[in-house]
Amino acid sequence: MDAQKNLYREEAYELLEGLEDALIELEQKPGDLDIVGRVFRAMHTIKGSGAMFGFDDIAAFTHTIETVYDLIRDGKLSVTPDLISLTLSACDQVRSMLDASSGEARVDDAKTAAITQSFKGYLPGQADAKDETQPGKPGEKEAVESRSPETTWRIRFKPQKELFSNGTNPVPLLAELRGMGKASVVCHLEELPDLFALDPESCYASWDIILTGTCSANDIRDVFIFVEDVSDITIEAVDTGGASGEDSAYKKVGEILVERGDIAREDLDQALTSQKRIGELLVETGAAKQSAVASALAEQDQVRSARKKRQTSEDISSIRVPAARLDALVNLVGELVTVQARLTQFSAKKNDPDLVGIAEEVERLSAELRDISMGIRMLPIGTTFAKFKRLVRDLSAELKKDIAFIMEGEETELDKTVIDRLSDPLVHLIRNSIDHGIESPDTRLAAGKTAQGTIRLSAEHSGAHVLISIADDGAGLDAEVIRAKAVEKGIITAEETLSEQELHSLIFAPGFSTAKNVTSVSGRGVGMDVVRSNIESLGGIVEIQSTKGIGTTITLKLPLTLAIIDGLLVNIANDSYVLPLSAVVECVELTQADRKQAHGRHLIKVRDEIIPYIPLREVFTVNGSIPPIEQVVITDLGGKRIGFVVDRVIGQHQTVIKTMGNLLKNIDNISGATILGDGSVALILDILKLMQQTEAIEREV
Amino acid sequence: MSKRILSVDDSTSIRQLVQFTLEKEGFEVVLAVDGQDALDKVKQGPVDMVITDLNMPNVDGIQLIKALRADPAFKFTPIVMLTTESALEKKDAGKGAGATGWIVKPFKPEQLIAVVKRLLG
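Residue numbers (the numbering used here), protein chains in the order written: chain A, 1 to 701; chain B, 1001 to 1121.
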């Protein structure tokens, strides 16, 4: 910028010289309007360019002088010798400002103010002193306005057919709106004619944009400033986000359509008499266009979510409690649930209607209490996500990569303990995406991608689980490189045939690192296996999906909470065991005949699919006779199906997890224990570990 | 590939400001001193956008916009004109000639970048 400033300075010195000549000439011929014009233009240029090159003081100073000469030019003021001397001293002042900007001298601010004041004296009454806004700062007026609260805007942008003829491309405009908040864009193409009648140089589309953000109507109008002559643009606030206490319900789709004038009230009333969804119906009867309904739905959806978000943010801002107290509460609730189970069992045995009534009441209350206390421990995962922004920014700068970081589903709630233990693995995964995934801008451009890479961190609920995925559009995994590396490291043998998916999974093997150079960021090869064991210790699963040249997505599937799980209670002999219900797919019977069919191998055919199974009786060396019909609980572990053979399946069981004591902590295939209604203990199986152990044994054989 | 922008202005300081500002944003900037020079420059290679002053010797901004729009290669190219607050008629004349947008002088570098991004994406 300094070179630019010098350039302006030189130009300004020249202009000042010309200005002084003109002023002296003007003193001789005070009525010559040509000379007044010269003075005005010189002042105007000094002011205008000054503002552009950052000489705001000069711009502000010359603004008043320019105004005075504008009046003289219009014949409203006449030139006096006093005015000429004043203007000359103003020239000196501008010169000293220019000198000051190159660090040579200091400006006498008092003198600047005095001269400005004298010039103001020439202005006829401050009342109609024109344009008192700060010169040189056009467009900044808006910024002074206080930021409006989050508002949802309905913007209808209907360009005329000639839109393209002046070189306008509507796509960047829509992109600009998207950058201003949460936007849903619906495109209307009803006016698109048949191919024969289509003029490819005409614009037939129009758009509805529902935008939720802190922008003002002026900000939005600003986006369309170049196209407002050739388009119909309406901007309406549909939700102003003020009052709290409102519920998140918003107008029905039909009402929105009527309000916008897309359909008539009668059409709506007629449609309402039917049972179908109003949107579908309006489209069917031809009362509204498909895209009009889609647009109204988008608006409804967005306003509802905006209101809901406000409500939650109000709720969140309520109270802070030490985490330890919450943990204690959850422990107590856990015990209460256990006692309640005993009470229910006992009352059933006694067969006393009064007691049964009380037990049922307690059951209902404790279930509610459990849900609420679990809910208290839930935190939105956004708190963890936020710190990754900085991580991505710093690392991408260090590695000279251009990366856009997108977060989705920050509001997804997870148990606090899970969130706490999730942070480190996520840091590892994001680092890996930045370091190994996203290529350098040059490489990306050469591969025909945009220079800027994208990392998308998202969280969503899926049943009793939360799915967290880290997706990048980088280089993807190279299965062959991984294979070569794995063979070199002795993780697999050269002869082993593995599917691409299995090869990809090898990056989680201990001691594996594919980076050619070890950087300060990642690549020490300790990362991925630690990530996997961390996630697995949370009862989660890591999945990887990658396409070479397209990108990599790593998905973490985590349980919502660690304290209470839905379990499937099973029996082997007289012992009870619990399997996490979330992993259970189905239960099938295993008869002696089935076993004979498989010739002693642990395989069962379920609907033409061969599924391997693990006989838990053997794993836990339970003695006694095997019942003639056993049960196989089939589970799904990250896409792999595997059965667990038990004697009997009892049913679903709310399982309060108690960790194992110190002595038993090292038993791998048991993740904890729970107390049943009759006071006996059931072990909670770590089915993932069981599967891995069995696999390891099979491999050795 | 970075986008090429042609800056047409008879004032050196404006040309340099445009060049400096846009090059910092990763655009490639071609300079022309007036409308005639601009028409010569576009013959040497295509540009993705034109930013032109209106008051220029030889071929002025309005004539330049008309000439470019008449050329099929520039039918849909964004053209931004630099206008002053006072010259409303000029702005309308420019729009009539086919200018896509305008920037009112004096402008700050950020305003220039905002307009370029709005039109080029």
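For the record, the hints were derived by calculation from the structure and aren't laboratory data.
Just to be clear, a hint being listed does not mean it is correct.
Here are the simulated lysine to aspartate or glutamate pairs, DMTMM-like style, with alpha carbons at most 20 Å apart [stated by the list, open to error]: (1) B:1095 with A:402; (2) B:1117 with A:402; (3) B:1003 with A:162; (4) B:1003 with A:543; (5) A:640 with A:543; (6) B:1075 with A:229; (7) B:1066 with A:543; (8) B:1108 with A:222; (9) B:1095 with A:229.
Bear in mind the structure is a predicted one, so any value in this text is a computation, not a measurement.
*Hint by hint, work out which the structure violates, then give me just those numbers in ascending order.*
The structure conflicts with hints 1, 3, 4, 7, although it agrees with all the remaining ones.
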